[in-house]
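**Q** Chain residues, written in single-letter form:
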Amino acid sequence: MTFDPSHAARSFSSVGTRPIRPDGVDKVTGRARYGADFNMPGQLIGRILRSPHAHAVIRKIDTSKAEQFPGVKAVVTAADLPDLTDGDTSMYDILDNCMARNKALYDGHAVAAVAAIDARTAKQALKLIDVEYELLPHVTDVDQAFAADAPLINETIFTTGVDPKPDRASNVSMRSQFGHGDVDAGMAEADFVVARTFKTEQTHQGYIEPHACVANVSSDGTADLWVCTQGHFVYRQHCAQLLGLEASRLRVTSSEIGGGFGGKTHVWAEPVALALSRKAGRPVKLVMTRDEVFRATGPTSATSIDVKIGAMKDGTIIAADATLRYSCGPYAGSWAEVGAMTAFACYKLENVRTVGYEVLVNRPKTAAYRAPSAPMAAFAVESAIDELAKKVGMDAVDFRIKNAAQEGTKASYGPVYGPIGIGPTLEAVKNHPHMKASLGKNQGRGMACGFWFNFGGQTCTDLNIGMDGTVSLAVGTVDVGGSRASLSLVAAEELGIDYAQVRAVIADTSSLGYNDMTDGSRGTFSSSMATISAARNAIKILRARAAQMWDIPVEDVTWEKGHAVAKGETHGNLPNLSLKEIAAASGTTGGPIAGHSEIVADGAGVSFATHICDIEVDPETGATKVLRYTVVQDAGKAVHPTYVEGQYQGGAAQGIGWALNEEYIYGKDGRLQNAGFLDYRIPVCSDLPMIDTQILEIPNPNHPYGVRGVGETSIVPPLAAVANAVSNAVGVRMQHIPMSPPRILAALEA
Amino acid sequence: MVEVTLWGALAAAAEGNSKVEVEAKNIRELFKKLSERFPGLTPLMDRGIAVAIDGTIYRDTWSKELPAGAEIYLLPRLAGG
Amino acid sequence: MAGIAVSTTINGDHAEFLCHPDETLLEVLRERLGLMGVKEGCGTGDCGACSVILDDRLVCSCLVLGAEAEGRQIATVEGMAQGDRLHPLQQKFLEHAALQCGICTPGFLIAAKDLLAKNPDPTEEEIRFGLAGNLCRCTGYDKIVRAVQDAASVMRGA
Ligand code: FES
Ligand code: FES
Numbered sequence: 001m002t003f004d005p006s007h008a009a010r011s012f013s014s015v016g017t018r019p020i021r022p023d024g025v026d027k028v029t030g031r032a033r034y035g036a037d038f039n040m041p042g043q044l045i046g047r048i049l050r051s052p053h054a055h056a057v058i059r060k061i062d063t064s065k066a067e068q069f070p071g072v073k074a075v076v077t078a079a080d081l082p083d084l085t086d087g088d089t090s091m092y093d094i095l096d097n098c099m100a101r102n103k104a105l106y107d108g109h110a111v112a113a114v115a116a117i118d119a120r121t122a123k124q125a126l127k128l129i130d131v132e133y134e135l136l137p138h139v140t141d142v143d144q145a146f147a148a149d150a151p152l153i154n155e156t157i158f159t160t161g162v163d164p165k166p167d168r169a170s171n172v173s174m175r176s177q178f179g180h181g182d183v184d185a186g187m188a189e190a191d192f193v194v195a196r197t198f199k200t201e202q203t204h205q206g207y208i209e210p211h212a213c214v215a216n217v218s219s220d221g222t223a224d225l226w227v228c229t230q231g232h233f234v235y236r237q238h239c240a241q242l243l244g245l246e247a248s249r250l251r252v253t254s255s256e257i258g259g260g261f262g263g264k265t266h267v268w269a270e271p272v273a274l275a276l277s278r279k280a281g282r283p284v285k286l287v288m289t290r291d292e293v294f295r296a297t298g299p300t301s302a303t304s305i306d307v308k309i310g311a312m313k314d315g316t317i318i319a320a321d322a323t324l325r326y327s328c329g330p331y332a333g334s335w336a337e338v339g340a341m342t343a344f345a346c347y348k349l350e351n352v353r354t355v356g357y358e359v360l361v362n363r364p365k366t367a368a369y370r371a372p373s374a375p376m377a378a379f380a381v382e383s384a385i386d387e388l389a390k391k392v393g394m395d396a397v398d399f400r401i402k403n404a405a406q407e408g409t410k411a412s413y414g415p416v417y418g419p420i421g422i423g424p425t426l427e428a429v430k431n432h433p434h435m436k437a438s439l440g441k442n443q444g445r446g447m448a449c450g451f452w453f454n455f456g457g458q459t460c461t462d463l464n465i466g467m468d469g470t471v472s473l474a475v476g477t478v479d480v481g482g483s484r485a486s487l488s489l490v491a492a493e494e495l496g497i498d499y500a501q502v503r504a505v506i507a508d509t510s511s512l513g514y515n516d517m518t519d520g521s522r523g524t525f526s527s528s529m530a531t532i533s534a535a536r537n538a539i540k541i542l543r544a545r546a547a548q549m550w551d552i553p554v555e556d557v558t559w560e561k562g563h564a565v566a567k568g569e570t571h572g573n574l575p576n577l578s579l580k581e582i583a584a585a586s587g588t589t590g591g592p593i594a595g596h597s598e599i600v601a602d603g604a605g606v607s608f609a610t611h612i613c614d615i616e617v618d619p620e621t622g623a624t625k626v627l628r629y630t631v632v633q634d635a636g637k638a639v640h641p642t643y644v645e646g647q648y649q650g651g652a653a654q655g656i657g658w659a660l661n662e663e664y665i666y667g668k669d670g671r672l673q674n675a676g677f678l679d680y681r682i683p684v685c686s687d688l689p690m691i692d693t694q695i696l697e698i699p700n701p702n703h704p705y706g707v708r709g710v711g712e713t714s715i716v717p718p719l720a721a722v723a724n725a726v727s728n729a730v731g732v733r734m735q736h737i738p739m740s741p742p743r744i745l746a747a748l749e750a
Numbered sequence: 001m002v003e004v005t006l007w008g009a010l011a012a013a014a015e016g017n018s019k020v021e022v023e024a025k026n027i028r029e030l031f032k033k034l035s036e037r038f039p040g041l042t043p044l045m046d047r048g049i050a051v052a053i054d055g056t057i058y059r060d061t062w063s064k065e066l067p068a069g070a071e072i073y074l075l076p077r078l079a080g081g
Numbered sequence: 001m002a003g004i005a006v007s008t009t010i011n012g013d014h015a016e017f018l019c020h021p022d023e024t025l026l027e028v029l030r031e032r033l034g035l036m037g038v039k040e041g042c043g044t045g046d047c048g049a050c051s052v053i054l055d056d057r058l059v060c061s062c063l064v065l066g067a068e069a070e071g072r073q074i075a076t077v078e079g080m081a082q083g084d085r086l087h088p089l090q091q092k093f094l095e096h097a098a099l100q101c102g103i104c105t106p107g108f109l110i111a112a113k114d115l116l117a118k119n120p121d122p123t124e125e126e127i128r129f130g131l132a133g134n135l136c137r138c139t140g141y142d143k144i145v146r147a148v149q150d151a152a153s154v155m156r157g158a
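So the sequence lines, in the order shown, correspond to chains U, D and A. Going by full-length UniProt numbering, the first residue of the first sequence is number 1, and it counts up by one from there. Going by full-length UniProt numbering, the first residue of the second sequence is number 1, and it counts up by one from there. Going by full-length UniProt numbering, the first residue of the third sequence is number 1, and it counts up by one from there.
Next up, chain U with everything else stripped away, as it sits in the complex (with noise of 0.2 Å):
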C-alpha cells in the first residue's frame, strides 16, 4: 500500500512537547561545525577578485603576475569553468554568476579567483590580477530600469508575457498577470478608491555565518564539498553540471548552517572552490568575507507598486488593482510573478487584478528571502487597506474581518480555496488583550495580514533501527532551526517510543536519496511526513519479527505504543514485546530493521498570519521604537511549539528590521555603500521588545498529522504592521519602506 499523507483525527504523545534539541549541547560549548569549521589536510585558501564596477565589459584579465607569485597554486577566471550548460538559460545565469564570463554586472561580480597557501597570500595575489574594464552606463533603481531609455543590461532579454512579443530588447524580463472580474467596472462602481504608489529598498536575508565551503577534487575524479547550504542535494547537481562531474562521484556534506532565509539556496563560491581544487590538485578551503556577502549573494527585490482598492459604503471591497514592479539583479528570475499572485491573496474579492513586471538592474542576482516577493506586495497592499477602512468608516480588524477569503473563496491568484486561517487569525486579534493596551502620545498601532503558498517538494528519509532498540533517523533537508528535534518527535510518536530513543543526523549526498532544497517552509513538514510515512515502514517489519519471534500469523499482530501486540483467540495472551526486544532478536529473525520512504511531498497547505504592532514615532529626529508586537500564525499542528515561536519571532524581527532601518544604498557609481554590518543595520536587542506568539492549528488536510509550514509566512505582514503603526502615529501616510529616520522626517515636512 502506498503512504497516505491525508490528516487522521488523532491523540499525540510526543509531539506538541517541547524537548532539548539534539545538536543543542554542541552548540552551546562551541562544538558544532558550521561552514568555516572545518579544514583537509593541505588544504589552500582561496578568495575571489570581484569587479568594482557595475556594468562593464570584461575586455582582458591578466593572472600571470598572480601564477607566478610564491604561494600560488591556482588561479582561475570563467576560461576555467567553461560553459557546459547546454541552453539551460537559468544554469548559465548561475554559471556567469559564480564568475563573470563576458561582462561585469554588479559591484561585487566575481571576475577571477586564486588558491594559495594561506589567506595572507592569496590576498596578496588578487592584486595582481589585471583586469581591463570598459565601463558602459549602468543602473541600479527600478524605477529607471523599467523606463524606455535605460542603459540596457542585457541585449537578449524580450519582455515574455505580452502580446505581441516585442521587437526590442528591454530590462523587463516578464509580465504576468493574474485576477479574474471586471477591475474597471467594479472600481467605476466603488464609494471609496484609494490609490497609492509605494517604494521598498532592497534587503539582504542578512544570516550571521558567511558563505563558506571545502572543496576537494581528486584527480580520479571523485570530489568532495563541504558547505553550509540549505540544500546539499541541489549543491551537488549544479556544481556537478558546471564542473562537469558526475553527481554520484561528488558528495556533498551540508554543515551545520548559521542562518539561511532563502539565501544559501543558490551556489556562488562553490564551483569556484571546485575549479580552483580541481586545478591546484589540492582541497581548497573558501569563506567568504561579510562585505562580498553583501556585495555579491543574497538580496531580495527592491520594488515599486501601484494599488488601487475600491469599497463600498457597508465595507465591501469591490474591485483591487495593483501594478507591481519588481528588481531581480541582472538575471532574469520570477520574482514578480509571486509577489503579483500574493498581493491580494488574504481576501474575497470579485474584481481582481494584478500585474507583476520583472526588472534587471546591475545589483547582485536576486535570491529567495523568507516568503520571497510577498512581503512588499503585502506591504502596499494593507497599507492601502488600512487607509481605505478608514475611508469607509470600519475598523481595521473588522474591515479585513467583512473581506477575508474563506473556504470556497476563488484565491486573487486563481483556484479556490480550501480550509484557511485568514479568518481565524483575524479573530484571534480582534480578541487579543494587545489591541486593548493603552496608547501614549506620538504612539500608534498597526495590524497586517500576510499570506504565504508553502511548498513541499521530493523528500527522502532513511529510519534505522539499532539492536539496542534506539532509533537513528537520517534526513536530507538541512535543519536551519531545530528540525532534528522536530523530526525526531515524529519518529518517537509514530513509533510509539521516547523521543530520547532517536537520534535524527542530516545524511550527506551520498547516503541518501535525493531531496529538494530546504526551502518554501518545507523542512519539517515534508520530512515529518516521510519520516512518518518511514517510521509505518519499519513498523511492517516489526510486525513481521514479532510474528516470527512468536510463531503466529503477521495479520494477528498489531503495533500499539512502541509494542507488538499478539491478537486473536490462541494467542492473545502473550506478553508484548516491545521495540527494544524485537531489536535485540534482529539478528536471528531476518537482519536489519529499518524503514525507508522517498516521497513527493506535495499539499503543503497555504498560510496565513495577522500581526500587531505600537510604535513610538519621535516627530523631532523620526526614530522609532517598537513597543509591543504580537504575531498570530496558523501552524496546523505545532510538531515542537518552542521551535514554531521561535520562526514566528524571527520572521517578525526580520521585517522589523525591513521595515525600519535595512537597506541597500547604492552610490551614482553604482557601488553598494554600505556593504557592513554597522551601516547595513539589522535590529539589535535593544531595538525590540519581547514578541508575543499565538500559534493557531487549523489541521492541513494533506498531512498526516496536520501540519502546515511555517518559516515564511511571518515576515509577509511586518512590512505593512509597522508602516501602519507609524502612519497611524505620525498621521501621514507611510509609503516608503525602510521608514528611517529621515524619511519619516521627510514625510512629515512633506
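In short, the hints are calculated from the structure, not lab data. For each residue, glycine too, the CB sits at the ideal point set by N, CA and C. Wrong hints could be hidden among the right ones.
[Said to hold, decoys possible] In the DSSO-like style, the derived pairs of lysine-lysine whose C-alpha atoms are separated by at most 30 Å in a straight line are:
| hint | chain 1 | residue 1 | chain 2 | residue 2 |
| --- | --- | --- | --- | --- |
| 1 | D | Lys19 | U | Lys308 |
| 2 | U | Lys668 | U | Lys123 |
| 3 | D | Lys64 | U | Lys410 |
| 4 | D | Lys64 | U | Lys540 |
[What the hints assert, rightly or not] Part of the chain U face toward chain D, derived, beta carbon under 8 Å:
| hint | residue |
| --- | --- |
| 5 | Val57 |
| 6 | Gly161 |
| 7 | Asp163 |
| 8 | Pro166 |
| 9 | Gln177 |
| 10 | Gly181 |
| 11 | Asp184 |
| 12 | Arg370 |
| 13 | Gly414 |
| 14 | Gly418 |
| 15 | Gly603 |
| 16 | Asn702 |
Please arrange chains D and A with the ligands on chain U, whose structure you already have, making use of the hints.
**A** Same frame as chain U, but now just chains D and A with the ligands:
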C-alpha cells in the same frame, strides 16, 4: 474530460485560451495533451508549472488524479526561501 | 617571517603561539589554536559572534591583535562548561530554545556571562542593552533575553 484554467502568461501561449477542456486522468497526461495541442506551452512547462486541484497546489506529484468536476488551475511553479 | 611569540592563558590553560604582527586574536584562536567555537560573522567588530573575555573585559576578538594576548587571560565559549556540567547560561539557552541556527550563540553566551558577572540581577532593558553588540538574525532575541533572565536567577541562587 476536465476543464483546466490557465493563468495569464500560459493562456497567451495557448492561443489565447484561458480555459481548455482536456481528456486526462492525471497530471502527467494533462501536461502531455496540453503540449501536443499547444506546442507554444512546452517552453513554459519546461520552466515549471504547478497544478492546483480544488485549491491544493501540486508541483511534483504528476501521478495525481484529476477527479471529474474538480477545479483545475495551472499556475507558475514557485519556490520559497 | 619572524612571528611574534606570545604566551597567554586561555580558559585557564597556558598557551603559546607565534603570530604575525597584524594577525587578529580571532584568527589565532580559530586557525592556530583550533578554538572554532569563536565565530566570525563580520571581522569588523559589528556582530559579536567572535566575543571573548579578555581579562575582565568583553571584546570582539576580531578587533584585538593576537599579540595583545601576551600575559592576559582569555575566556571563550569552550571554557564555560565544567567537564560535562553545562554553565547555567548554556543550560538555559537550551531549555528556552534561545538558539535556532546557533552561530551567534557562543558570542551571546560569552557576552551574557560578562554581563551577569558585572550585574547579577539585570532588568530586561539592561539585558537588551548589554547584549546589543551581538547580532542574532534568527530568534528576534525574545528567547535569548528570557534565557538570560532565567540563568541570572539560577546563578543568584534564587
Ligand atoms: S566577527 Fe568580530 S564582531 Fe563580527
Ligand atoms: S540563532 Fe541564528 S543568528 Fe542567532
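**Q** Evaluate each hint against the coordinates.
**A** Going down the list of hints, with the structure as the test:
1. Taking the CA atoms of Lys19 (chain D) and Lys308 (chain U), the gap is about 28 Å. The hint holds against a cut of 30 Å.
2. With a CA separation close to 28 Å, the supplied pair Lys668 (chain U) and Lys123 (chain U) stays within the 30 Å bound.
3. Between Lys64 (chain D) and Lys410 (chain U) the CA atoms are separated by roughly 22 Å; this keeps the pair inside 30 Å, and the hint holds.
4. Under the criterion of a C-alpha separation no larger than 30 Å, the hint pairing Lys64 (chain D) with Lys540 (chain U) is consistent with the structure, at around 26 Å.
5. At its closest, the beta carbon of Val57 (chain U) sits 29 Å from a beta carbon of chain D; the interface hint therefore is violated under the 8 Å criterion.
6. Here the hint on Gly161 (chain U) is kept, as its CB sits about 4 Å from the closest CB of chain D, short of 8 Å.
7. Because the beta carbon of Asp163 (chain U) sits about 5 Å from the nearest beta carbon in chain D, less than 8 Å, this interface hint is met.
8. For Pro166 (chain U), the suggested interface contact is broken, since its CB lies about 13 Å from the closest CB of chain D, more than 8 Å.
9. For Gln177 (chain U), the suggested interface contact is upheld, since its CB lies about 4 Å from the closest CB of chain D, less than 8 Å.
10. A least Cβ separation of about 13 Å between Gly181 (chain U) and chain D goes past the 8 Å threshold, and the interface hint is therefore violated.
11. Nearest Cβ of chain D to the Cβ of Asp184 (chain U): about 17 Å, over the 8 Å cut. The hint is violated.
12. Of the supplied interface hints, the one on Arg370 (chain U) holds, with its beta-carbon coming within about 4 Å of a beta-carbon of chain D, less than 8 Å.
13. Interface restraint check for Gly414 (chain U): the shortest CB-CB distance to chain D comes to about 5 Å, inside 8 Å, so the restraint holds.
14. Contact between Gly418 (chain U) and chain D, as hinted, is supported at the beta carbon level, the nearest pair being about 4 Å apart and thus within 8 Å.
15. Checking Gly603 (chain U) against chain D by beta carbon gives a least distance of about 5 Å; that is within 8 Å, so the hint holds.
16. The criterion of a C-beta within 8 Å of any C-beta in chain D is met by Asn702 (chain U), whose closest approach is roughly 6 Å, and the hint holds.
Hint check: violations occur at hints 5, 8, 10 and 11; the rest are consistent with the structure.
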